[in-house]
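Residue numbers (UniProt numbering), protein chains in the order written: chain A, 1 to 417; chain B, 1 to 417; chain C, 1 to 417; chain D, 1 to 417.
Errors might be hidden in some of the hints.
Identical copies look the same in the list; a pair holds intra-copy or inter-copy alike.
Below 20 Å or equal to it, Euclidean Cα-Cα: the simulated EDC-like pairs (lysine to aspartate or glutamate) are [claimed, not checked]:
1) LYS228 - GLU46
2) LYS162 - GLU27
3) LYS228 - ASP183
4) LYS5 - ASP218
5) LYS408 - ASP378
6) LYS22 - ASP255
7) LYS408 - GLU84
8) LYS408 - ASP16
9) LYS222 - ASP212
10) LYS197 - ASP378
11) LYS176 - GLU400
12) LYS222 - ASP238
13) LYS342 - GLU331
14) LYS234 - ASP43
15) LYS108 - ASP37
16) LYS234 - GLU166
17) LYS108 - GLU366
18) LYS406 - GLU241
19) LYS408 - GLU331
20) LYS222 - GLU331
21) LYS234 - ASP16
22) LYS406 - GLU42
23) LYS176 - ASP378
Quick caveat, the hints were computed from the structure, so don't treat them as lab data.
Number of protein chains: 4
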Amino acid sequence: MSADKRVCLAYSGGLDTSTILKWLILEGYTVVAFLADVGQNEDFTEVEKKALALGAERMIIENLQQEFVDELIFPAIQCNAIYEDRYLLGTSLARPVIARAQVQTAHKYNCKLLSHGCTGKGNDQVRFELAWKACDPSLSVIAPWRLPAFFNRFQGRQDLLKFAAENNIPVSSTPKAPWSQDDNLAHCSYESGILEKPDLPAPKTVWTRTVDPLDAPDVPTKFSVTFKAGIPVKLQVDGGETVTGSLELFKALNDIAGRNGVGRIDIVESRFIGLKSRGAYDSPALTVLRLAHVDIEGITLDSKVKQIMHWIGNEWSQCLYNGMYFSPERELLENSILFSQKHVHGTVDMMVYKGAAHVLARSAPESNLYSEEQASMDTLEGFSPEDTSGFIAIQAIRLEKYGAAKIKHGEPLARGS
Amino acid sequence: MSADKRVCLAYSGGLDTSTILKWLILEGYTVVAFLADVGQNEDFTEVEKKALALGAERMIIENLQQEFVDELIFPAIQCNAIYEDRYLLGTSLARPVIARAQVQTAHKYNCKLLSHGCTGKGNDQVRFELAWKACDPSLSVIAPWRLPAFFNRFQGRQDLLKFAAENNIPVSSTPKAPWSQDDNLAHCSYESGILEKPDLPAPKTVWTRTVDPLDAPDVPTKFSVTFKAGIPVKLQVDGGETVTGSLELFKALNDIAGRNGVGRIDIVESRFIGLKSRGAYDSPALTVLRLAHVDIEGITLDSKVKQIMHWIGNEWSQCLYNGMYFSPERELLENSILFSQKHVHGTVDMMVYKGAAHVLARSAPESNLYSEEQASMDTLEGFSPEDTSGFIAIQAIRLEKYGAAKIKHGEPLARGS
Amino acid sequence: MSADKRVCLAYSGGLDTSTILKWLILEGYTVVAFLADVGQNEDFTEVEKKALALGAERMIIENLQQEFVDELIFPAIQCNAIYEDRYLLGTSLARPVIARAQVQTAHKYNCKLLSHGCTGKGNDQVRFELAWKACDPSLSVIAPWRLPAFFNRFQGRQDLLKFAAENNIPVSSTPKAPWSQDDNLAHCSYESGILEKPDLPAPKTVWTRTVDPLDAPDVPTKFSVTFKAGIPVKLQVDGGETVTGSLELFKALNDIAGRNGVGRIDIVESRFIGLKSRGAYDSPALTVLRLAHVDIEGITLDSKVKQIMHWIGNEWSQCLYNGMYFSPERELLENSILFSQKHVHGTVDMMVYKGAAHVLARSAPESNLYSEEQASMDTLEGFSPEDTSGFIAIQAIRLEKYGAAKIKHGEPLARGS
Amino acid sequence: MSADKRVCLAYSGGLDTSTILKWLILEGYTVVAFLADVGQNEDFTEVEKKALALGAERMIIENLQQEFVDELIFPAIQCNAIYEDRYLLGTSLARPVIARAQVQTAHKYNCKLLSHGCTGKGNDQVRFELAWKACDPSLSVIAPWRLPAFFNRFQGRQDLLKFAAENNIPVSSTPKAPWSQDDNLAHCSYESGILEKPDLPAPKTVWTRTVDPLDAPDVPTKFSVTFKAGIPVKLQVDGGETVTGSLELFKALNDIAGRNGVGRIDIVESRFIGLKSRGAYDSPALTVLRLAHVDIEGITLDSKVKQIMHWIGNEWSQCLYNGMYFSPERELLENSILFSQKHVHGTVDMMVYKGAAHVLARSAPESNLYSEEQASMDTLEGFSPEDTSGFIAIQAIRLEKYGAAKIKHGEPLARGS
């Protein structure tokens, strides 16, 4: 069949993408189903079986966990990525590796079309499609949830179930949770359904990757994380294991932090397309590693460099959130991030306990920025206190002018003055 | 005595400022001792007695708690103030109100000189003196720890103790803790001494305002905070009290969060004068209120406004940390902060438990930014999914060019491509 | 007729909007033609006659020049607005006042529809429609150049001319210039047609508001501009007139600068929708006033405030370029702009001559920031040179650490070191 | 003599540094005089003769022109460096190469001391000393104009002349201009003296590198500048020479622009140490090349990259102005600058004429960002106008909420609404 009728579909095995798979076939397309293994909890054999049963030409499953950690998660840690002061970007981080692999799959199996099951109101459609367009603008997109022929036909879950029944699409016997969920190494996200009421707490049953802090162990877990060039390279658990591979280290921390109830985030955020939405996120390892990295930068980064990188990290975070990983700005920003981390080496001692992560201490023997002797309030070795007088006098010049002008204009220096 | 020999000294009652008080008198100055009550744990009567016993002309003690909360702490919360991603600025926030009151005291008691006991390596000398210079540049400063005549004579604690013995300066019978501490409503800070080894955890006995998370109650405390124009105006404790005055509310939250072990921060930070130092901080109420405010902004602030305010808040934080509260830039930034908060009204439901603060839910009935119907993935009411296709297509234009150029130059789109 | 069939059309009298007017009528709409007088060179009576002849129900012409200058042009000067380091935003500045007035016209004449003749690739469609949506989201938009029924029918100028002939649309006897042009008080823009070759100079005949610098007078024109709170309030021409009204002053400067060949800009810029385009702009008064304002800020704004406002002005410029004048961020930014200008009072002496504007001198008697005595290299009055030693020593602390680390790592301090 | 008594003095041959040279010798120091040739107009043989006559051990003159252009001036052009919207940083750019060479000279001739003749109120002392401290913190600084023993003795020019007469220091027979001047390849600066009255125009005789625009040739000079990776690599004068070497190209442009009166800047600026000062600068080639570079970026840089680089260039400019070239932040920023320029290739056609530089056209055949077909308003090839409707609709979502809230709160959408 001509490449123009061959679609590479992001297929998860769920009701939505199963419906789309079938619908595409009924519309005359040949479907190559694609699923990335980015660490989600999934029975991949079942998904494959289902895809083939529904008529997919083949089911391609790619394990992208290693590149997900190395290319996306660790750069996020290097720049202390965070969106709107809260969200650690878990979903945004996975999209680029998935999108790129799907384009490669399309190339390999001669598809000129790409498809996904994302809704028309969310961020993920944007992230997938912008990545696809950057990777290969010659491929076209079928986004069923934005096609009137599709979304008018399937106006609710009942329509999907009816179509499933008519088309022998197997439907999970467990009733669907009243929210949707997206799982990967970096986090698990929960949104829509009953979570769309931001004034109601998320149900206790929502969280899959962290235990309830109230049910967490009564004994804290202590460990240390060692960074080399801003990258976590060693995890040493107190009285326990030592982990060094990037993927293994990240998984081990997901486990440790998750067991101790660390990493829950519940927010209302601004989607790229202009809507506000409520999301709940479980990000155990990301939470711990971001905190550890911020801490190790405290002792290894020059203050002005830290200020510049705060801005750069903020830009990187927005860029990723908005689906613009494959962009000239991301490449530019990441070039700065890597450069800034050249001397970010050291070890952070931490503790996780009943929902909180704590930094206890840190050391960075290769850095000369912290000097106990120089910082010490108890000695003047190598420091001339008189210098500070001059420093203050010069800094005061413009503030004195400000104060004088205030007096002249009869204005208070501050609200209560 | 001529105003030129009259000094208004920031006097705490401790060994350092007692020595300075006596030394100033011996040098021929008349001393007006000044102490601001910014919520620290202090026996003010004892301090007064000591000052007068040492020869101070008078001891002025001013209660500045209310203006401290209203003019400094709450603006910090309104702009989510934070320094180097960690420090909540407790000490920096207190300095402006203290410095201003000390200048007013100098005016009242005809002093042309101001003095303090800050060391020559720290931030506080800068903060006090820049504030003084802005408030009244005609006043001169005596900073003994930067005067060779003083710092060469008092080279260590032993020299101070010897001088105290010779001059009948009463010395506390409890041995001094091997670190220094600064206490106010916003936080208690701990630094120097044994804390100057950042690779060793702070001793358990350091913390005075938060209990050890391991010793915190087994039952969480739940409460809600209501904001009006970004200001906390009501605290409602689950099954408990309702607090509304700003000072009372802040104190109540200090208590609640402190009892639950919330608010400990241990960092290496960049002092304004270019040194790195290690600090430990107890900021219970600030920690909770900053989180609550970030959350309520999520549902009440436009996304672009939030981005701009992130930058403004960062500038404000640096400005405060560096002691430039009385500056044209602080006034400019604060003008933006107030403007941005005009519609930040709502209530955040929270829980504190064994060292962690959690946001559970929030509501903002006066804001139209969040719309359940619009955000819902289950309905298309008022939303045309096709619009998103156009949005993505236009956003993709420059990314497609980027991808095409990459292909042309034979460069990978990303590290692993 | 029902409001749903009543359209308020932005009508210029040209071939495009005349075609649209007629086409709308043929499609069954009633058309209220609207034209804003924002200072363009236009025979308004002719336009009205033409609109009525073509069947418009009425032609509304509103003189918006005063509010254009006061609400848009002067704020742009106050924040030194510039886009991509070159473009002074002339078109972007006019759009908000036009869009708002058109919405008011729609309200007045009971139209539920708005229409314009902008192409689908440009910035102006975005600017008009975003402004309309903010001003009244209940109004709908007819954008013919984005409707397949329209753009497929009118694929080139020949199709428009044919339709004109068939429908008695009078066509100007002077052949259309091979580029398009948009004229208002702030500037005249030229783009498309032969200007789409950015490697060819704009023809000499393009420019309508500035004389060729080679043909400008051999004698320079000198004048001074006085600012009050960052607003130009007086123009004093050497040996000539004094102008004080905002509109009159701006027009007088357009004339003076234009006669001297000042204000030509020729660039390739980034449109909001992701395309690059070449534009040529004639902005005589804007060029002169922006330069004068930057200069007066030099002597009246604190350096740190200037840095903050540089960033704010840049954000304002992007906001305006992208058509987001009626937005929460514009309101926030403008609040800062106004605040920053409170003390920007003074007079700048300038000269325009054969294409260049020069600042010659300036005075700001109400500001204390510049002090001849303090700045003077010839006196030390009120300045302790030793202070600078301390200032430098403290600033050097982190740079010394940097240098030491470089030596330790065997890295050069700079490329050629 | 011990290295501790050996001083490497920045020696210019003028009255100030001649006095310092002699004074140092009288104070018991051995002086190695150092002068960098950074393109200033100077009789180097005379300077050497004078230094030796005054007792310098030796006079070291180093030609740094090539590294000045390559390491400082061209990076400034690559990032469109500008300070406070006006100043092109000419002096700041020269200081790092001079300071570094002076440290190398000190090393070579066994000096542990460095000295200069900068005043205590200016920027240059800061720039020299910060660079020295970063390059070798073990060297000490003698800054006579900040030493009371020196500045109290030499309180005015008369004291210097008297000392010169007493110590056989030859004094130029031409009376000193009533301002000071600093000359290098990048520019010539003029300040102090009669220029300290910013409300008086600079005298016509001030300018040395540009002719008065009124006296410039009646015929414009046209030329083109070709960039490779943001670096000017070829100058092609219309009907004239082709220049390719970086130093030669820069000098040729200094000549061409200077002859045509291009490059004069007259400002009040904010010195790093908090004072405002008035400076006049002649920067012919810098002016032209900055404009050319901004233009070529218009056609070769992605819009978002351009925004990021605007911020980076601004930081770089402040960093350089403040004398922090040898700093971690400069290295970080410059890493971004170089990365951003990878594809900035192309040619800009320009004209200089009687004080103004004009961009006429540009081409960038290797870039795909500008596409005539895509930009064209006359064709819809490869563009779906309907996409823009969706783009606008999505962008409008948050603006509609803003408008609706305004209506609800009864607030105007803008001042005049």
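Hint by hint, here is what the structure shows:
Neither within a single protomer nor between protomers do LYS228 and GLU46 lie at most 20 Å apart by alpha-carbon distance, with minima of 40 Å and 52 Å respectively. Proximity of LYS162 and GLU27 under a CA criterion of 20 Å is satisfied intra-copy only: 18 Å inside one chain copy versus 42 Å between copies. Taking the shortest alpha-carbon separations for LYS228 and ASP183, neither the intra-copy value of 28 Å nor the inter-copy value of 37 Å comes in at or below 20 Å. When the C-alpha separation of LYS5 and ASP218 is checked against a cutoff of 20 Å, the pair qualifies neither within a copy, at 58 Å, nor between copies, at 61 Å.
In the homo-oligomer, the alpha carbons of LYS408 and ASP378 never lie at most 20 Å apart, since the shortest distance is 43 Å inside one protomer and 28 Å across protomers. In this homomeric assembly, LYS22 and ASP255 never come within 20 Å of each other (Cα to Cα): the closest approach is 37 Å inside a single copy and 60 Å across copies. Taking the shortest Cα distances, LYS408 and GLU84 never come within 20 Å of each other, neither inside one copy (41 Å) nor across copies (27 Å). Proximity of LYS408 to ASP16 under the C-alpha cut-off of 20 Å is found in neither arrangement, the shortest distances being 70 Å within a copy and 38 Å between copies.
Taking CA atoms no more than 20 Å apart as the test, LYS222 paired with ASP212 passes in both settings, with 19 Å inside one copy and 15 Å between copies. Taking identical chains as interchangeable, the C-alpha atoms of LYS197 and ASP378 lie at most 20 Å apart only when they sit on different chains, with a minimum of 13 Å there against 56 Å within one chain. For the identical chains of this complex, LYS176 and GLU400 are neighbours neither inside a copy (66 Å) nor across copies (35 Å), given an alpha-carbon limit of 20 Å. Within a single copy, LYS222 and ASP238 get their C-alpha atoms as close as 5 Å, which meets the 20 Å cut-off; across copies the closest is 33 Å, which misses it.
Both within a single protomer and between protomers do LYS342 and GLU331 lie at most 20 Å apart by alpha-carbon distance, with minima of 17 Å and 12 Å respectively. Taking identical chains as interchangeable, the C-alpha atoms of LYS234 and ASP43 are never at most 20 Å apart, the minima being 30 Å within one chain and 49 Å between chains. When the C-alpha separation of LYS108 and ASP37 is checked against a cutoff of 20 Å, the pair qualifies only within one copy, where the shortest distance is 18 Å, while the shortest distance between copies is 59 Å. When the C-alpha separation of LYS234 and GLU166 is checked against a cutoff of 20 Å, the pair qualifies neither within a copy, at 53 Å, nor between copies, at 56 Å.
For a Cα distance limit of 20 Å, the shortest separation of LYS108 from GLU366 qualifies neither inside one copy, at 47 Å, nor across copies, at 30 Å. For the identical chains of this complex, LYS406 and GLU241 are neighbours neither inside a copy (63 Å) nor across copies (36 Å), given an alpha-carbon limit of 20 Å. Taking CA atoms no more than 20 Å apart as the test, LYS408 paired with GLU331 passes between copies only; the shortest distance there is 17 Å, against 51 Å inside one copy. In this assembly of identical chains, LYS222 and GLU331 lie within 20 Å of each other by CA distance neither inside one copy nor across copies; the values are 36 Å within and 37 Å between.
In this assembly of identical chains, LYS234 and ASP16 lie within 20 Å of each other by CA distance neither inside one copy nor across copies; the values are 41 Å within and 45 Å between. In this assembly of identical chains, LYS406 and GLU42 lie within 20 Å of each other by CA distance neither inside one copy nor across copies; the values are 66 Å within and 35 Å between. For the homomeric pair LYS176 and ASP378, the shortest alpha-carbon distance between copies (14 Å) is at most 20 Å, but the shortest distance inside one copy (64 Å) is not.
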